[in-house]
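Trainee: Chain by chain, the residues run as shown.
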Amino acid sequence: DSGVTQTPKHLITATGQRVTLRCSPRSGDLSVYWYQQSLDQGLQFLIQYYNGEERAKGNILERFSAQQFPDLHSELNLSSLELGDSALYFCASSAADRGLMDEQFFGPGTRLTVL
Amino acid sequence: AQTVTQSQPEMSVQEAETVTLSCTYDTSENNYYLFWYKQPPSRQMILVIRQEAYKQQNATENRFSVNFQKAAKSFSLKISDSQLGDTAMYFCAFISSNYKLTFGKGTLLTVNP
Numbered sequence: 001d002s003g004v005t006q007t008p009k010h011l012i013t014a015t016g017q018r019v020t021l022r023c024s025p026r027s028g029d030l031s032v033y034w035y036q037q038s039l040d041q042g043l044q045f046l047i048q049y050y051n052g053e054e055r056a057k058g059n060i061l062e063r064f065s066a067q068q069f070p071d072l073h074s075e076l077n078l079s080s081l082e083l084g085d086s087a088l089y090f091c092a093s094s095a096a097d098r099g100l101m102d103e104q105f106f107g108p109g110t111r112l113t114v115l
Numbered sequence: 116a117q118t119v120t121q122s123q124p125e126m127s128v129q130e131a132e133t134v135t136l137s138c139t140y141d142t143s144e145n146n147y148y149l150f151w152y153k154q155p156p157s158r159q160m161i162l163v164i165r166q167e168a169y170k171q172q173n174a175t176e177n178r179f180s181v182n183f184q185k186a187a188k189s190f191s192l193k194i195s196d197s198q199l200g201d202t203a204m205y206f207c208a209f210i211s212s213n214y215k216l217t218f219g220k221g222t223l224l225t226v227n228p
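For the protein sequence lines, the chains are A and B, in the order given. Position 76 of the first sequence, counted from 1, bears residue number 76 in our numbering, the numbering being contiguous throughout. Numbers in our numbering are just positions in the second sequence, counted from 1, shifted up by 115.
A portion of the hints provided could be inaccurate.
Here are some, though not all, of the chain B residues that point toward chain A, as calculated from beta-carbon distances under 7 Å [as the list claims (entries may be wrong)]:
id, residue
1, Tyr148
2, Arg158
3, Gln159
4, Met160
5, Leu162
6, Tyr214
7, Lys215
8, Lys220
Calculated directly from the structure, the hints in this document are not laboratory data. In this text the structure is predicted, and so the values were computed from the model without any measurement. Where a beta carbon is used, it is the ideal one built from N, C-alpha and C, also for glycine.
Please build the complete structure, drawing on both the sequences and the hints.
Mentor: Put into structure tokens, the structure is as follows:
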């Protein structure tokens, strides 16, 4: 158990809908990262937040958005869902802001299926 | 753009034997870090080992060690005394000054009894 929690574990929805994925980082970690894992694209970095502020942005679609709240939990919002958005979405957390060596601890992931 | 290439989609090894997983990367930067992550069937991502680019000494963690060849931009993972619990997808990853962790496509390792 990494100490990072993600809810829900599984989510099934229809095209065009909007969903929210939730992540609670390890106690004391200020950075939260979101990743998408799909068969087509592999593991891709989406976005990082540190103490409520966006720090780095990866291959995140405009239909996707994220935020980190004062209690440090984070939400990833996916809207106008398409079949290709079906994937495993991971959240990870780390203690530092911009430590290259800083270990990221991954949550168990949320499996999103878009029908 | 930074890329990470794992040329072996699948590998298998007998229990107790040694196996090496390959990884190459492309970057123009000098300061970066390399990682190997393991993803067992449970889907949990677990850090196996990490290497700082400016350190010449290869990192080791118990049965896991790396062969880091900076000039060749190669970062292979050696697993000694393979165990059934090592069966997993292994991802090589890279991070540098853009702070974005970039993963390879992964190598599925199966340890056979």
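Trainee: All hints are to be evaluated individually against the structure, with a verdict given for each.
Mentor: Hint check:
{"no.": "1", "hint": "Tyr148", "result": "5 Å, holds"}
{"no.": "2", "hint": "Arg158", "result": "6 Å, holds"}
{"no.": "3", "hint": "Gln159", "result": "6 Å, holds"}
{"no.": "4", "hint": "Met160", "result": "4 Å, holds"}
{"no.": "5", "hint": "Leu162", "result": "6 Å, holds"}
{"no.": "6", "hint": "Tyr214", "result": "5 Å, holds"}
{"no.": "7", "hint": "Lys215", "result": "5 Å, holds"}
{"no.": "8", "hint": "Lys220", "result": "5 Å, holds"}
Going through the hint list in order, the structure satisfies each hint without exception.
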